[in-house]
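Protein chains in written order, with our numbering: chain Y, 1 to 413; chain B, 414 to 1383.
Among these hints, one or two may not hold up.
[Said to hold, decoys possible] As a list, the in silico DSBU-like pairs of lysine-lysine whose alpha-carbon atoms are at most 30 angstroms apart: (1) B:654 / Y:95; (2) Y:95 / B:1286; (3) Y:202 / B:541; (4) Y:202 / B:923; (5) Y:25 / B:1065; (6) Y:265 / B:831; (7) B:1286 / Y:406; (8) B:1032 / Y:62; (9) Y:25 / Y:151; (10) B:541 / Y:265; (11) Y:151 / B:536.
Keep in mind the hints are simulated off the structure, nothing from the lab.
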Amino acid sequence: MPWRLLRFAFSQKHPEPRMFARHEKLKPAYDVVIIGGGGHGLAAAYYLAREHGVTNVCVLEKGYIGGGNTGRNTTIIRSNYLTPEGVQFYDASVKLWQDLSADFDLNLFYANRGHFTLAHTDASLRTMRWRAEVNKHYGVDSELVGPEAVKKAAPMIDIDCGGHAPILGALYHAPGSVARHDAVAWGYGRGADRRGVEIHQKTEVLGIDTAGGKVKGVHTSKGHVAAPKVLCAVAGFTPRILKMLEIPSPIYIHPLQAMVSEPVKPFLDPILVSGSLHVYISQSARGELVMGASLDPYEAHSTRSSLEFVEGLTAEMLNMFPFLSNVRVMRQWAGMADMTPDFAPIMGKTPLEGFYLDSGWGTWGFKATPVAGKTMAHTLIHDTPHPLITGFALDRFRNYALTGEKGAASVGH
Amino acid sequence: MRLPSVEREWLDRAQKIEFSFEGRRYEGYAGDSVSSALWANGVRVLGRSFKYHRPRGLLSLANHDVNALFQHGGEPNIRGDARLLEAGMQLTAVNTFGGGVDYDNGRFLGLISRFLPVGFYYKAFHTKALFPLWEKVFRLTTGLGKVDFATPRKRTAKAYDFCDVLVVGGGPSGLAAARAAAKTGASVAIVDENARLGGSGVYQLGADAGRAAVLDALLQEVEAAANIRVITNHYAAGYYKDHWLPLVAHTADAPMRKMRAKSVIVASGAFEQPAVFRANDLPGVMLASAAQRLFYRYGIRPLENPLVLTANADGYRVALDMAKSGARVAALVDLRATHTASDLERQVRAQNIPIHAAAIVTEAVPGPGGKSVVAARIGAFADGRATFEAMQEIPCDGILMSVGWAGAANLLYQAETKMRYDDALAQFVPESLPEGVFACGKVNGVHTLAAKIMDGERAGNAAAAHVGLDAGNKRIEVPAEAEPPSHSWPIVEHPRGKNFVDFDEDVQFKDIANAIQEGFDNIELLKRYSTSGMGPSQGKHSNMNVLRILARLTGQTPGAVGTTTARPMYHPVAMSALAGRGFSPERRTPLHGRHVALGAAWLIAGAWRRPAYYQQDGKTARECIHAEAAAVRNGVGLIDVGTLGKLEIRGKDAAEFLERVYVSRYANLKVGMSRYAVMCDEAGVIVDDGVAARLAEDHFYFTTTTSGAAGVYAELSRWNVLWKLDVTLINHTGAYTAVNLAGPESRAVLARLTDMDLSGAAFPYLAVRVGEVAGIPARLMRVGFVGEWGYEIHVPAAYGGALWDALMTAGATEGIRPFGVEAQRLLRLEKGHIIIGQDSDGLTTPLELNLGWAVKMDKPFFVGQRSLAILEKKPARQRLAGLVFPTLQDDADRRPQECNLVIENGEIAGRITSIAYSPTLRRHIALAFVPPARIEPGERVGVRLTNGDMLAAEVVPAPFYDPENLRQKS
């Protein structure tokens, strides 16, 4: 039992202060306004304050912090991407993740479990080798392994998947991890708050003020605030904000669904992803099986769940783990994924001076939280994209300089 | 204690059922739930709690908590309240650590609970070096039941069902709603999660025969109605768009019934809510409705000497019901200072039950081991504050809580109903309902029996009207509740106690208060930080009290605090029920049986199974593949290409359509000729290829890749809708099959089966002919994918076998040999022909693949043209080139593999896309992306092998074999 829990046993009053202060009113002006109190927005605020000393910052959140995709994803963290830009960016993120609990003094349950992307066809084996080779080139620990390695890590798996899709091998990515997603938002929120950042929950953005091609401020449900710099980090709501500014973007919204089982005694250590079966699974510290699949096939600005999703996902999951027949699905939910044509994010400057985007996070945003916050803070301060995000600029679509990440991001989020 | 038969009980006393729990044998009756059978046998500790491993007994007996959660063989987490007892069940409690449910060693966790404040695991254990160890400890202690890896996959059918009006919940209001809707002629279905209909009407009786008679009459009418179907033992697991509700049984192997209703009446009742006081989780402290269910459904006297804690009329009925069961009611403690003195109160007094008004139970006094209750301490209660001085201790063996209700509004929330908090009722009720969704009874804030029946009738009429049936335009005014059915603060903050709010997660009052202090003062944040409502019962018994505590501690109204989102599932659903029979479609070509007979080794290509090669006794795969390839190069081979996408387009604008979707020109293609066809997306990325053959001026037949077939057809259909050209597009992929007869002897073999003129002049390279082969109507194309003289022969799928047999027989003298996909890949690689998806990726343009010759930029339009025009002017990223490896031995271990990287100046400069050892050329040959500056033959590039070694490669012209294409054209 850690000593630090002793104080709880021997103090009369609960010896913990508020993690985030409550602010009734907005100030008339801030140096930076961040739209969106999810992981990304709070991380940007945190790094602005911690690394750049900019604390006159306000985070506007329509609902509650971490209530969007930060609290809806399936918490997988990995860097086994396909493009040089992606691999280096996500690798920087993984390195930040590894120290985040210590930085925050908050246990994020960052659990290094190892990550297998299963290959059921020779074509997917080929893609796995490509990813492994690119990963190794950048010093990322990925390796193509045979079915026996999968069986060793998850002995209970049906390696033939019911005979329909035998597992031929896998891309094994040792650093693959999961973390307690909500706590990430709380950690960044507390860290930013302690350094002077104001977090305003239940505060909706109604419009953005511009003049002469520059951003001037933000209209909110709690009044107007002036700011020379505004960062938009709102994932599935990005098209709505961009519409206010008439900035064209290629972002389109698809629901992404997931589900979780009742808690059962932990038996599954690694994270498993199958591109052919379109499913993935890990087991949380609480014993719940966290399962997901690919995007819904249609565009929709909705977080409503569908029955088809759980039916399809369970059918494929039972091909891999037939013994889960008796295990019950407890809850399902959906998030709105802001997809891009090349499956890479859209980060950095926009045609509007002082307005920055942290968007296009589709199904891959959670794992990028630390590095996105850090690089966006840098980008805001220097008004120049951080070197790690130059491949993710909005103008790449105009310039035909895409960063093709589909091969590594379509099922394994 | 089991009583002699109770009127209307759900048991079949003639049928005894033996079962065991924790190794001890017990007996119950048919009709018992697992929980009721155990309680009848005097078992008081049914499980252990999740965190502190405290002994737990019955709480709701309605599956609104997981105190009674069992393991039965390989089946984890059985809900004892809902699951009917089965003969021979061998049950154990989940989540115990040695010592069984009675002496669970995990109980010591309760002793250190002072060290485990809310969210304690966020506050420690995160030293980088130690976390992995702590995590192991956590993983040992979490989880509930155990999965059994030997459990076979259950394949449960699904049923599809339809009705005009689906009524969810068969209590008084639901029955009245069904009756009313049925009277209009609607087809009605009632689903109820219990074994029988009746809901609270069966047990909230207050020993009043009159109330029971009302229900009897209602039940009789419903059961007599021909157009009402009754589906018991099933629950509506969720509400999905357009009135789509899966009805699910409590057992994993019963079929899920998917109901599409024209309208839905939610009559799902309410979850009775516990009071919060010290040790309110002891076995013997239960919801009052649980005690009533034990008595009226299962013929059990729940307790001998219970104390009733109440804040509504329901509690007075409970006292009377308990008296009727033969129990000696210790006292009735009423939170309220005043209430309408009713006939009920007079009856309670007549039973000599002491009534303590303006009082509350502040704590339950535990018996030995915390496994029972021996007394209740009560204190004065006013303005939501309990007084602990001058407490009175009343001996009792349990406490029945009847302090209020929370609407079972899960389905309403999922249907996107707007809810509001009604101060008078102290309950959330629907404010505006979505179209076709109706609510009645307790979930609608209507609690008195007569009013519930009226409310049900109102909802039934409205639902019938919604589906276009006339209910006679009756207006029904449902009277408001005279007294609030729920207390707004049934909570005691006992300073020294474990006052539980969420029983699933062992969340106490102080945990909620401390979480709020730490800043989690939004209901959603509070849930996530404290974990209340996140357990398997998803807050059914806890959300309302959490919300009340948050409202009070932050000075808000419950309405302003709001509720959390109620997501599916209502109760958890077995994965096998959701998965159903689990179809995994497999596509086979008409020649599948031939391949099996020939010993095919299979390759999975999407849903298709294709022969990779044909196994030969005593030969390795490589030898088999090379022998097949040699047959094609030197004699004749036959391959099944029936998996190719096969499309046909007819109409005046057929050529125009192809001009737009493919990069090449088809307007000038002569009838009887074919042309390579490359398709791009709007970004100029190559997405498919095939061959387009012109059969007539207005008629083309064209192929796609195997994997692209469905997507290409869908995309072309989409364009067809947008462009409105005069064409009809037909997908023949399954209707036709095809083989490729290839090799220098192919013409001689084919000549034996057809009277077509096969001379090079009459049937030249790239020509297409329609004729007969072995008497089978066929379309023949002279193609050269493998680089030999050859014919792709397309016939109706049913004739595939006959065609194959005829060709194999005709080719016997030439030693015809079937070849598989592996040999085909090798042969095409020798020709430098690309495979889309292997030699291209999600960003590859035709220009990078050296297919610029096929791209006709001077056409008025084709999909991707604008992008290619821009890309053409930019420097290329990479180009596809042929590679050989001068220093590589024939069968070296360290040969490169596909997707090994081309490295230049230490940076990634490309990759190998295809590689094979060519037996014809006696060396390894590869296609690879290389920097554009290295595209000329003779250039050298470095390839990094999988083990990290570098290997030198030399760029060579891409057709490695027969560069002039003489063999296929001659």
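Hint check results:
1. B:654 / Y:95: Not satisfied, since the Cα-Cα distance of roughly 43 angstroms exceeds 30 angstroms.
2. Y:95 / B:1286: 39 angstroms, violated
3. Y:202 / B:541: 35 angstroms, violated
4. Y:202 / B:923: Holds, at about 26 angstroms.
5. Y:25 / B:1065: It is violated: about 68 angstroms lies between the C-alpha atoms, which goes past 30 angstroms.
6. Y:265 / B:831: 38 angstroms, violated
7. B:1286 / Y:406: 25 angstroms, holds
8. B:1032 / Y:62: 68 angstroms, violated
9. Y:25 / Y:151: The hint is violated at about 57 angstroms.
10. B:541 / Y:265: 25 angstroms, holds
11. Y:151 / B:536: Roughly 36 angstroms between the alpha carbons, so the hint for residue 151 of chain Y and residue 536 of chain B is violated.
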